[in-house]
Amino acid sequence: MSARETILKAITANKPSLTELPAIDLAEVIQYNDLLLQYKTVLQSIGGGTVELQELHSLKEELHTKKANGDFVVNRIAALGEVEDSIAHLTATDLAAVDTAYLEGTIAVAENGAIWLYESQMGNRLLPFICQHLVILIEKKNIVPTMHHAYQQIETAKEGFGVFLAGPSKTADIEQSLVIGAHGARSLIVYIVG
Amino acid sequence: MSKSQLSHAEAAEQFIKDEPRTNWHDETLWFVRQKRDKAAHGLPEWEQLREWASQIKNHTLSNLDNYLLEFERNANANGVTVHWAADGADHNRIIFDIIQKNNIQKIVKSKSMLTEECGLNEFLHAKGIETVDTDLGERIVQLRHEAPSHIVLPAIHLKKQDVSDTFHEHLHTEKGNNDPQYLTEAARQHLREKFIESDLAITGVNFAVAETGGFVVCTNEGNADMGAHAAKIHIACMGFEKMIPKAEHLSVFLRLLARSATGQPITTYSSHFMKPREGQEMHIVIVDNGRSRQLGRADFRNSLKCIRCAACFNTCPVYRRSGGHSYHTAVAGPIGSILNPNIDMRANADLPFASTLCGSCSNVCPVKIDIHDQLWKWRQVLVEEGYVDTTKKVGLKGMAFVLARPGLYRFAGKAGRAMMRMFPWLLNNKLNPWYKQREMPAPPKESFRDWYIKNKQQ
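Which chain is which? The protein sequence lines are U and E, in order. So for the first sequence, our numbering puts the first residue at 1; every next one is plus one. So for the second sequence, our numbering puts the first residue at 1; every next one is plus one.
The following block holds chain U by itself, in its conformation from the complex (with noise of 0.2 Å):
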């Protein structure tokens, strides 16, 4: 017998009599009277920082001028101007290179800081986690409450990867002392527009 079948055999063999998955009910659920607020409060907790714009034209100036400075800067969101989709086959090598990546999420979760990027988005997955500093876009209508509605609005199988980003990469394994910068993003600059 294979090991797929004894497994599964013995699984089924042991395991307790079924019981109901339980209903999640949102009503219990913690409700914030501000969202952008409690947003921005959560996600400068975590090292991140936010950006609030009514509209595009100093991001675009930003880019623009990281670029004429020399800057390895990709750009991934249309607003802002040619989208480089050619970093779909950098290899990790050419990537480990990206000082400032410019990214836009989906959606923002007010209770955590987290920001989910589907694949699409990113351009190559290792993008946003490989780039020395990185810079996301949102639209404050796109800001959920909690992880529960999050959840309702995006559909996780739909892409290869996608992942829930809450701040720059960061480690306090050296006495709990807290670094930014462990292995990903050194920083994370959150735009957040409308």
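It is worth saying that the hints were derived from the structure and are not from the lab. Positions of the beta carbon are idealized from the N, C-alpha and C atoms, including for glycine. Errors might be hidden in some of the hints.
Stated by the list, open to error - According to the in silico footprint, chain E covers these stretches of chain U (three or more CB under 8 Å from chain E):
| id | region |
| --- | --- |
| 1 | 8 to 15 |
| 2 | 21 to 33 |
Claimed, not checked - To give an idea of the interface, some chain U residues facing chain E are shown, with a C-beta separation under 10 Å as derived from the structure:
| id | residue |
| --- | --- |
| 3 | Glu5 |
| 4 | Ser177 |
| 5 | Ala185 |
Fit chain E to the supplied structure of chain U, relying on the hints for placement.
Just chain E now, kept in the frame of chain U:
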């Protein structure tokens, strides 16, 4: 992991010899516990969340065979190869076969307590294959040829000067530079090279979703993603209890996991893997290694609900003062003490006794495992099966004899109190194991019973 020959109590005795370090360990973990409390109290629905999580896990265990089949079907449809391993040896062989078939030279690994449980690093090392652990804490202990001492904070037993010495030796950092920022930066540069040149990334799994065939890996550092998205092959290893029915259930568990572990609202990265990227191979190894046996033990099966947050470690007065290595197993702490006797009853018979049964572990557990009840129940099983040494057995039998006889109990209490008052040196000496590292309390003048009878009449 090299198994210590010492029992928990013997190893703990070594650990507490360094008193300032023991105090630091104790206080640091308590601080993490307090951060957990703050995060938990921030959500009015916390208890409801625990209840949902518990019910989802109970339900999943009660239909686990079907969920595993559903998961396998969906993962296959996503282009992921699913392997099944009956035990640790199977698990290691499956990974070795993939390594050989693809002529893999460079391997990076993110944190997986399962691969520790299966002894993967040692197995591959014996075959001449080196793996690089990429979680900072795990890399530190790997360079020191130690095992992780905590499932979330692998290097919590070390001080920054220890890390500085280790990095000076292996990564050529400045001698005596103990700055965590500087040391972390050195590890970042060192491990970036490893990520970029690796052929294979091995990761653990936090949650596997039956409905989609996808799985979620949570890290703060981003090391699982750096490995998995750079390497041409990704192998994810999971104990079969990582299963949950639907993607929407992730909301419950992701809300609980990081808050319980470190007090963060969520880990920095909660990565949802569905399909291999173009040109990549993705494998999942589903491991039993005694779990199906545990599922059959009615008293102990709900230990399989564990999501490995380590809240029970951080709150445990015994763990905090004895250190993870004294548990001589991959998963230490209270949860390890109810999981490990199932894997090897003889080798781990000491662990359920490494507890005060105070119940704090059960109170902080995000999936409501009755950890302290199970510790108590394991003690009974171990005594019955003959895995407890004679001294303890005689002592317990003597205690049972006295406790079953109220008259004798009252007499023994009175005599004991009188002896402690008149001849304190009888107890306050090295022959009494309870006197080690602590002062004996002053004996009360009367028993609670005497006090109660007296005060009831007033």
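Those earlier numbered hints the structure runs against, lowest number first:
none
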